[in-house]
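Visitor: One-letter residues, chain by chain:
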Amino acid sequence: MATIAVQFKIDGERVVRALEEARDKLDGAGPKMMLDLSAVKRIDAPGLRALEELAARAEDKAVNVVLRGASIEVYKVLKLMKLETRFSFAN
Amino acid sequence: MTKNPSNPTEERMAYLDGLIRQAKTAAAVFSQFTQQDVDGIVKAMVLAGLEQAQHLARLAMEETRIGVLEDKVIKNMVATEFVYNYIKDKPTVGTIREFPERGLVEVAEPIGVIFSLIPITNPTSTVLFKCLMAIKTRNAVIFSPHPNAWRCSSEAVRIMYETAVKHGAPEGVFTCLESHTLEDNAYLMRHKEVAMIDATGGQGAVKAAYSSGKPALGVGPGNTPVYLEKSADLSMAVVDIIVSKTFDNGTICASEQTVVIDDEIYDSALNKFAELGAHICSEKEAAILERALVDRQTGCMQAIAIGQKATDIARVAGLTVKPATKLLIAPIQGVGREHPLSVEKLCPVLSVYRARSTDEALRVCVDVNHAGGLGHTAVIFSRNNDAIQKFSQVINAGRIIVNAPGSIGALGGVYNDMVPTFSFGCGTAGGNSTTDNVNIYHYLNIKRMARRTPAPMWFRVPNQIYFNFNAVENVRQFPTRSTVIITNPGLEQIGHADIVRRYLPPEASVHVCVIPDAEPELKAILQGVEALNLYKADQIIALGGGSMIDAAKIMKLKYESPDADLEELAAPFLDIRKRAVQYPTEKINQSRLIAISTTSGTGSEVTPFAVLFDKKQGRKVTLADYSLSPDVAIIDPQFVMSMPKGLTADTGVDCLTHALEAAVSTYASCYSDCNAMQAIRMVFKYLPTAYQRPEEEEARSMMHNAACIAAMAFANAGVGVNHALAHAFGARFGVAHGRANALMLPHVIRYNASVPTKFRPSPNQRAYVAHKKYATIAELLGLGGRTIEEKVNGLAAATEQLLDQLAMPRSIAALDISKEQFEQALPDLVKIAFDDPSWLSNPRMPLMSELEELFWSAYRGRGMAPGSSAVQQAA
Numbered sequence: 847m848a849t850i851a852v853q854f855k856i857d858g859e860r861v862v863r864a865l866e867e868a869r870d871k872l873d874g875a876g877p878k879m880m881l882d883l884s885a886v887k888r889i890d891a892p893g894l895r896a897l898e899e900l901a902a903r904a905e906d907k908a909v910n911v912v913l914r915g916a917s918i919e920v921y922k923v924l925k926l927m928k929l930e931t932r933f934s935f936a937n
Numbered sequence: 002m003t004k005n006p007s008n009p010t011e012e013r014m015a016y017l018d019g020l021i022r023q024a025k026t027a028a029a030v031f032s033q034f035t036q037q038d039v040d041g042i043v044k045a046m047v048l049a050g051l052e053q054a055q056h057l058a059r060l061a062m063e064e065t066r067i068g069v070l071e072d073k074v075i076k077n078m079v080a081t082e083f084v085y086n087y088i089k090d091k092p093t094v095g096t097i098r099e100f101p102e103r104g105l106v107e108v109a110e111p112i113g114v115i116f117s118l119i120p121i122t123n124p125t126s127t128v129l130f131k132c133l134m135a136i137k138t139r140n141a142v143i144f145s146p147h148p149n150a151w152r153c154s155s156e157a158v159r160i161m162y163e164t165a166v167k168h169g170a171p172e173g174v175f176t177c178l179e180s181h182t183l184e185d186n187a188y189l190m191r192h193k194e195v196a197m198i199d200a201t202g203g204q205g206a207v208k209a210a211y212s213s214g215k216p217a218l219g220v221g222p223g224n225t226p227v228y229l230e231k232s233a234d235l236s237m238a239v240v241d242i243i244v245s246k247t248f249d250n251g252t253i254c255a256s257e258q259t260v261v262i263d264d265e266i267y268d269s270a271l272n273k274f275a276e277l278g279a280h281i282c283s284e285k286e287a288a289i290l291e292r293a294l295v296d297r298q299t300g301c302m303q304a305i306a307i308g309q310k311a312t313d314i315a316r317v318a319g320l321t322v323k324p325a326t327k328l329l330i331a332p333i334q335g336v337g338r339e340h341p342l343s344v345e346k347l348c349p350v351l352s353v354y355r356a357r358s359t360d361e362a363l364r365v366c367v368d369v370n371h372a373g374g375l376g377h378t379a380v381i382f383s384r385n386n387d388a389i390q391k392f393s394q395v396i397n398a399g400r401i402i403v404n405a406p407g408s409i410g411a412l413g414g415v416y417n418d419m420v421p422t423f424s425f426g427c428g429t430a431g432g433n434s435t436t437d438n439v440n441i442y443h444y445l446n447i448k449r450m451a452r453r454t455p456a457p458m459w460f461r462v463p464n465q466i467y468f469n470f471n472a473v474e475n476v477r478q479f480p481t482r483s484t485v486i487i488t489n490p491g492l493e494q495i496g497h498a499d500i501v502r503r504y505l506p507p508e509a510s511v512h513v514c515v516i517p518d519a520e521p522e523l524k525a526i527l528q529g530v531e532a533l534n535l536y537k538a539d540q541i542i543a544l545g546g547g548s549m550i551d552a553a554k555i556m557k558l559k560y561e562s563p564d565a566d567l568e569e570l571a572a573p574f575l576d577i578r579k580r581a582v583q584y585p586t587e588k589i590n591q592s593r594l595i596a597i598s599t600t601s602g603t604g605s606e607v608t609p610f611a612v613l614f615d616k617k618q619g620r621k622v623t624l625a626d627y628s629l630s631p632d633v634a635i636i637d638p639q640f641v642m643s644m645p646k647g648l649t650a651d652t653g654v655d656c657l658t659h660a661l662e663a664a665v666s667t668y669a670s671c672y673s674d675c676n677a678m679q680a681i682r683m684v685f686k687y688l689p690t691a692y693q694r695p696e697e698e699e700a701r702s703m704m705h706n707a708a709c710i711a712a713m714a715f716a717n718a719g720v721g722v723n724h725a726l727a728h729a730f731g732a733r734f735g736v737a738h739g740r741a742n743a744l745m746l747p748h749v750i751r752y753n754a755s756v757p758t759k760f761r762p763s764p765n766q767r768a769y770v771a772h773k774k775y776a777t778i779a780e781l782l783g784l785g786g787r788t789i790e791e792k793v794n795g796l797a798a799a800t801e802q803l804l805d806q807l808a809m810p811r812s813i814a815a816l817d818i819s820k821e822q823f824e825q826a827l828p829d830l831v832k833i834a835f836d837d838p839s840w841l842s843n844p845r846m847p848l849m850s851e852l853e854e855l856f857w858s859a860y861r862g863r864g865m866a867p868g869s870s871a872v873q874q875a876a
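Going line by line, the protein sequences match chains A and B.
Under the working numbering, the first residue of the first sequence carries the number 847, and numbering increases by one thereafter.
Under the working numbering, the first residue of the second sequence carries the number 2, and numbering increases by one thereafter.
What the hints contain is simulated information worked out from the structure, not anything from laboratory work.
Remember, it's a predicted structure, so these values are computed and weren't measured experimentally.
A few of these clues could be false.
Below are the SDA-like pairs computed for lysine to any residue, each with C-alpha atoms no more than 25 Å apart in a straight line [claimed, not checked]:
#1 Lys887/A with Arg860/A
#2 Lys925/A with Ala196/B
#3 Lys928/A with Tyr16/B
#4 Lys925/A with Arg191/B
Short, incomplete list of chain A residues facing chain B, as computed with Cβ under 8 Å [said to hold, decoys possible]:
#5 Ile889
#6 Arg914
#7 Ile918
#8 Met927
In this text, a Cβ means the ideal position worked out from N, Cα and C, and glycines have one as well.
Extracted from the complex, chain B is given alone in its bound form:
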């Protein structure tokens, strides 16, 4: 192999490869261990770590000459006892967390081989911590200690390794590099068998880890600002800061660096610091300290001062301080290169800043935060919750410690409930992948097992539906002071509004608002809203066909919520439960909407839909929300006895289309099915009679009921592609909705019954069943047929026959629409149909090309219905 200049020698590479191979084998073997196996090993390691805490602390002191022996003992104990307390009951093998209500299970997968850098500042505690995490998560680790701490670090590894293996861990699970080089580290970081790098160390090491192209956990540098706010418990704050800043002589990177003190308490704070053993530097002393402590060229503190005693630093700098001095405090006037002491100082030297206002204090804290400490740690002492909140918003730190020491607070588990750690994630601002306190979950690949969740379903209809002859009398039971009846000129003229008026309470003022009987346009709607406002209506009675009731729904929406933006509310959506827009819930007038249908088709009296005609764009806009549903529906056949034949046929076909589409909808349920199937039976049985002998009250009444029952089905299951096609076509060529539906219906049945070119994601439908449901309908209608295919064909034929009986046009061509006209309109028709939300519940996801083909089929038209006698049978 050609030697890469940045690689170690071939011999060294072979040695490192051997280490990797050993770790990889250990990780593979470890993957078979159970939780019980792992927990047993971890406990033994914790006990060994506790037993050796002082021994390891002494070794670290002897080798590094950094920090405080007693504090290093505590660190080792925190790294074992506190970490154990956090991890001992946490599952890390197999299923680790379950969310039954969401159907989610998290399953642990070990990472494999981790390459881990250990810092000089915490050379044994970090090892203890990482060894426990690795065993708990069934990973193997190759440790690379700081060159000036490798003896104590490798001793810590040895103790952990021997204990682990003695208690069953695979051999080779930990390895510690000795007398290694930066080239070794670089080689291992890039090694294909190393799964992850955990770099706790200096900025260079962290950067190298992230540059390796491997998944890495890195810990950024710190520069912890502290805001000592005027409401703080000063005695507690001063002690906490001293505890923290002198802990292990300030070697923890989360320790306090600059304390920004409100002017009001500045002097008393410094007095307290002095009383408790801090030396407050004069301006001249601060300048001397600055020159001794900070490297002018790099702007960083001199490495030689890391973890040294305050008195030693003072002596080297040439300052005279009392022998018991714990901490050197140097006032600074600003932050940045011109103020060298504002940098991170991993020793018992603290800078302080007098802030004349809260704004200034926060600004200086942000400056310190940005001067090398982004993402790391910040501290605030305050009793003012607003100040604490503000601080947390402006400071970018993974740990914002409130009223507690920064260093020990950030370690977690001692002064607060944060996760115990010896690795502080600093987020993207610190060049890290996480802001967390690094813990066992970062040593795991967490697999999410997501079970199929049953889609939430519903069946929502107005809670009061009155039907049968003279059901209108029920309006009398609703209290009202002001009722507005919304109707059309024709119904007003033939006295329908008077019939309603007859049953309203005599004390109520009743006004009739007559609007044209066409698909509602915005202008007419707004006129109606004006009337509602004028009469301060507490009850709205929509008397008319689907268009009239739709108009009343939209009027009520605008009357109750004037700011409702119809354009926005009509925004397309995939799933009504997850739609981007929300209908207003606040209703300023609390009015009631009673819908009295005078046609037997749309079923608008029980549906949450309203269609608005967008005259400007020549298209229909569908609003859909259950808040649009009328409060009360009245299905009184007396209002449909005078329906003309053509309207009876159109609305009847609309009703049949609703029921057929709801039956095969992807949102169909057993609740909607029973309505859909019953409605289909009623239509086949009663529609021909209602059409041919309009005076037959039973047929009229049953068709009126059928329309409402079908609407209850599609109000909950939705419609389908038939409606999408009919909406587009009807709006473009001014063809009545029922008639437009009729042109598409047989083609859509055949289309839906064949295997979809494209399936649409639909969690509520477990299988493709449209063809079977059509077959069930055929059976219900007694159409015969042995196979599903025969039954589907029978249903399509029976539908064609019914349409013929109703004198429905057989083709678009039969409407005197020329092929050229149609061809010209087709691209727009396809586009509009595809944008129509009606098809979202269709069992087949229509491709644009399929929509085009369906339009052409409707243009060419249906043939004579062959042989089905369904209509006669049903009749």
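Okay, chain A solo, but in the shape it has when bound:
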């Protein structure tokens, strides 16, 4: 199982870049990929778009993307965007 830690604060391009990296690694990820969001305090619009794209690609490749350590604030944003149904969550 591939674990990619997203450890950058929001409004940096690094969150997006990390998500893009994750998306690119879906091929070798196996049935499950875990992203560590515990360092993400806030998510912005590009970040959301990158997550959406990741979700779409993961669905195509039948990979279950697990978001670990998402704060309740980030989780609520995903909920508002109805994105939470496309991921699994772990503490």
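Fit chain B to the known structure of chain A by using the hints.
Guide: The following block gives chain B in isolation, referenced to the frame of chain A:
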């Protein structure tokens, strides 16, 4: 997808969906922002708006050709500076208001995506205002400007958006539709991702917004009446009206439309208007103006005249006016379609009406108000507060502006302390959901976090209680000119009244009012009141058992407050603090009630209750209010030494029931508990002796005290279902109250100690504790038992044993009441017991079926008390 005829094309829908998606993402991202983030962005936007105020005003003028450039600059500045002044320190993220004393906290939740219509009359100021509100509240907005003002409106959106994003706002937070259609608007209004519509615009747009099925803020049309009342400061009023009506050439919908002027000042008012640059139309000119300005078919003003100069309107109409004319004033004779100039005129044309009386003036103002301006704005100039009050009562307007210009006054923050706005809520009469000046709080979902508040509790008893042998001598310390002793024939006969009389001041006139010793009926009560009135009593001494004292309480109530309606005062209630009826507080005679109890059970001498027997309906009616409590209680055992055995047992059981019910009551407190528990110990210890050896003074004295102490507990904690059952049963079958209680008591203990079928809302009780409290009582009585269940069983058994010792009947059947008789009475018994307020403080909410089962248990009766030696131990 099949194309809906009212929908835009598929391509257009996809485009609009994209805008929505962008706004939704922005709103979601925005939800993470802090107050500090938001306030920083807002301040930057305000500064940008102020800097661009003139630029935006010029654009608006060039594009719309409506209004006055200089005034549009002011509008833009009000929309930024004044609005900022109002919102800058207001929290809009997280906790926004706290009410610690009420345990309430208001927490803000953004709305999400707002679809917002912008009017042609204020195309840039409204945008600035709404952008600030949206950012302050963390919402995203899709703007739909008026088609003839979209360039200036979208420029205002652009300036606000770029500034906001530059200072950290999420991208996509504002979008402005360009070259859109009514179909676009309709599609967006119905879109599932649009959370709210804010429609500032024409009637059609507002109606469409409300028809969309979405939560909407809408602004209704105006037709502002002005009452220029004869006491007004005329110079100020005329200037204010001109300022207001010419501001941006009258484009603000709150501006004055018809000025109704009292006859006394009509001519001088018009002269002043003329002096300051208004043209007063002659009758003929008014007719010409009317034809030019008002569309005959629709009855509305011609749109082409909106926001035009007075001189231009005059020129187009064919009137000759001075070049500096600011305002055209046209006298009208009435309001309605036959008087076209009485409609809303968003231009510097004002109609005036000469009113011959105040009534006529108010009537015409109401007519104008109802002719298209309901819920919007009205103005009065007056120094007469009564006239102002009257005006505010008869006019239906969200804003009633007093002694200030209507348009700028309604905007708020300039001439008064109303909330600054560019959206006027017009209430239901205007087809709107609010009468407020729309503001940041309308852009928030406000969540109320309500903490559990500790229920207010109390412990109220008469402030003077005298006890022990010969405590009656204390009556001598109370000054009196006329005392009425209320007692029964038996007590009068054995000389108890004489004992009391002995201690009354010699100069006092003392009268004894003897009434039958039964549960008081209204007839007897009213006879007693007659006696009190006859002797002008300043002191009432109730000498007797519970019924006698209850009678005296009700007599005093009627004596002090003759209009008191006993029927109404006995109305049922859930919570004594919130009851629908109020006991009278005015007392015309200021009399004192001293209660001397001659039985050891009811404790009526310290309670706020009085039971009245409703002979007509065959039921007891309970009155409850602390104003019924006696002022002084005397617990003198000499009056109970001669109590017969049966009465000793009955009243003793009543006392025990009071204490047991108060102990497990949902209103129990540590104050009532100490009284209840002590009373229970005393009853178990002294009642058997008082019953078996009545001459034992200590036992008598302690039982007399126990009754009073138990009453102090239940006077504050209430009783329970046992009393509700006993009241119903006792009244129906003529069984003494204590005896009726005894029949129910062991069954009720077991019932209350088991997990309720239904819990009753009870804020003062944090947990279900009745079984534990019974167990505590069992421990106090030394009944043994290891588990709570064993202790509860021990208490029930000890109670049964005590009742046996007192020769209490074991069952209803043992009273020679046949099963058929009982069965026939049962439906009524259940109904009456359920209506009895006594159970309101019971730890279990009794279901009707449970009341029925409890009655049956009492009918079948209790078994022999197994093995408990509590009574012997306590003794």
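Visitor: So, Arg914/A near chain B? Judge it on the closest CB pair being under 8 Å.
Guide: Interface hint status for Arg914/A: violated (19 Å vs cutoff 8 Å).
Visitor: Return the status of the interface hint for Ile889/A: holds when the least beta-carbon distance to chain B is below 8 Å, violated otherwise.
Guide: Nearest chain B Cβ about 7 Å off; hint holds.
Visitor: Has the given pair, Lys925/A with Arg191/B, been kept, meaning a C-alpha gap of at most 25 Å?
Guide: The hint holds at about 22 Å.
Visitor: Is Lys928/A within 25 Å of Tyr16/B, Cα to Cα?
Guide: holds, 20 Å
Visitor: Can Ile918/A be said to touch chain B, with a Cβ gap under 8 Å?
Guide: This hint is violated: Ile918/A lies away from chain B, its Cβ roughly 10 Å from the closest one there, beyond 8 Å.
Visitor: Next item in the hint list is Met927/A. Is there a CB on chain B closer than 8 Å to its CB?
Guide: Status holds, d = 5 Å.
Visitor: Hey, Lys925/A versus Ala196/B, does the alpha-carbon distance stay inside 25 Å?
Guide: holds, 15 Å
Visitor: Has the given pair, Lys887/A with Arg860/A, been kept, meaning a C-alpha gap of at most 25 Å?
Guide: holds, 13 Å
Violated hints, listed in ascending order, are 6, 7; each of the other numbered hints is respected by the structure.
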